[in-house]
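Colleague: Each chain, written out:
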Amino acid sequence: MRPDLDIIQQWISKGHHVLDLGCGDGTLLDYLQRERGASGFGLEINPEHITTCMSRGVAVIEQNLDTQGLGNFDDGSFDVVLMTQALQAVRRPDKVLDEMLRVGREGIVTFPNFAHWRLRWGLALSGRMPESDALPYKWYNTPNIRLCTFKDFEALCRQKGIRITSRRVVDGQHQNSWLARLWPNLLGEIAIYRITRENTL
Amino acid sequence: MPDSLPADSVGIVTPQTYHFDTPIDLACGQSLPSYDLMVETYGELNADASNAVLICHALSGHHHAAGFHSMEDRKPGWWDSCIGPGKPIDTNRFFVVALNNLGGCHGSTGPSSINPATGKQYGPDFPVITVSDWVKSQAQLADRMGIETWAAVVGGSLGGMQALQWSLDYPDRLKHAVVIASTPRLTAQNIAFNEVARQAITSDREFYDGRYYDHNIVPRRGLMLARMVGHITYLSDESMGEKFGRELRDQAYKFGYDAEFQVESYLRYQGERFSESFDANTYLLMTRALDYFDPAYDYGGNLSRALASARCEFLVLSFSTDWRFAPERSEEMVNAMIAARRKVSYAEIDAPWGHDAFLIPTPRYTDILHAYMDRIGREVGA
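So the protein lines, in turn, are chains A and Z. In terms of UniProt numbering, the first sequence has 167 at position 167, counting the first letter as 1, and numbering is strictly consecutive. In terms of UniProt numbering, the second sequence has 216 at position 216, counting the first letter as 1, and numbering is strictly consecutive.
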């Protein structure tokens, strides 16, 4: 299992009702169902991924966050709402965060850090939009239209009164190295945040 | 007519009549003292009877879902594209049961059957049947066949309503409900179209208040018109445009009112063929069953409360250009299932054919059905 997903699964308790935004081929939900006794749904728009989810028994709903939002989910109807590597690809990450914490008591968000030293270095040196393993696209075809840094994200959470209860930073190999812990915004490539509304947990 | 049977066909099949002597109490308050159901099955029921799949038909469907009745048949059963060896509903793994519903006109007891009380056809005296009544009769059939639990109940359109109703009426007797191109209730527009169809039939002079059998005649004009208006609602503007456009049968306008456009002659042909093979009273009954279907009604219109009793998992599929039962109707159903914490998967399939898309094997549709049924097969040991 990908180390970032391994970190996430440790935060899910038995019987948790989970909503996974952009659940991909359902790997994580499948694992959570089988190994953690969780239940829940994944939202996805990629047809191949949807079919894979169905074949492995993951409940998947074809739903586009940008155009359909989460209006069809009741307040507080999930224990945890997950969003792995998709926050940077939605049109309004701020609104998605609001919605995540409306339908779920807790949110878990992962995204690539645009302030990672290699990206800074690439931009400074070549003057071109940076590319990396975590961000392997060209500027004109990237689905990642809302890139941000760990600091940006944390500032947004502060502004919205969202409490970060946990943060784990991993490098490109998804390893939780001590260097990345020391200077996360410079050396961390992907962060895994656990968030909640201050008054609920 | 097939020269030889395709390798992925269930082959030559023979329908079978199941007679029931136990009276069935109906939603309308009446009961039928005895009745027949016309049934076809494909594949083998396994030792623990865990691999049975029930196929529910739509408005004009019947028990002949797959295969051929003889080598002279022009066409296979109505869902042959999905049922057969190696097909999404794989008859090498599943025991597939398809029946003609009560009130039908293809061998099951219906308005054109003889009423034992009078010795004449029931006609308008045949009770109005609801989706719940169908499910009840299908449960009787399951009992007779030794099937305690269906691996899946599958249906499109009106058939999807039956799959949904199964999950509510017999929650422990199915593992999965596959609800395709369906709706939790008809809209006013849907009912309006049904009313036009019924008016077409009942206003035909040859309808004789439903006792046309006594006059040895069929209200053909009315049935034809009913089918024509229905057929329009099964297609999309796009698919009709592609198929016919403004194409004329001859080169120029004739400045008259006969069928000049291709679409006109197509509709007439479809209507005529239908009127030769379908019973007018059954058409009235089927459209009424559609109108009445509303499982949320007893729960103050709240479908998720109705679904609280359901235990099975759901697969819901809709088609992008279906305006008869639009994707929004399927989404209503899915949202109610989510709110009721039922396990549900949903996809909207891009297909240009309107409501009829549920009968047409689009690659994505077939892939999804295949993947989902394969998983059910693994789950039930089929």
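For the record, the hints were derived by calculation from the structure and aren't laboratory data. It is possible that some hints are incorrect.
As the list claims (entries may be wrong) - Capping the alpha-carbon separation at 25 angstroms, the derived lysine-lysine pairs in DSS-like fashion look like this:
#	chain 1	residue 1	chain 2	residue 2
1	A	Lys-151	A	Lys-138
2	A	Lys-95	A	Lys-14
3	Z	Lys-75	Z	Lys-136
4	A	Lys-95	A	Lys-151
5	A	Lys-14	Z	Lys-175
6	A	Lys-14	Z	Lys-136
Colleague: Hints first: check each against the structure and report whether it holds.
Modeller: Checked hints:
1. Lys-151/A / Lys-138/A: Holds. Lys-151/A to Lys-138/A sits at ~24 angstroms (cutoff 25 angstroms).
2. Lys-95/A / Lys-14/A: violated (29 angstroms)
3. Lys-75/Z / Lys-136/Z: Since the Cα atoms of Lys-75/Z and Lys-136/Z sit roughly 31 angstroms apart, the hinted pair is violated (cutoff 25 angstroms).
4. Lys-95/A / Lys-151/A: holds (18 angstroms)
5. Lys-14/A / Lys-175/Z: Cα-Cα ~24 angstroms, so holds.
6. Lys-14/A / Lys-136/Z: violated (38 angstroms)
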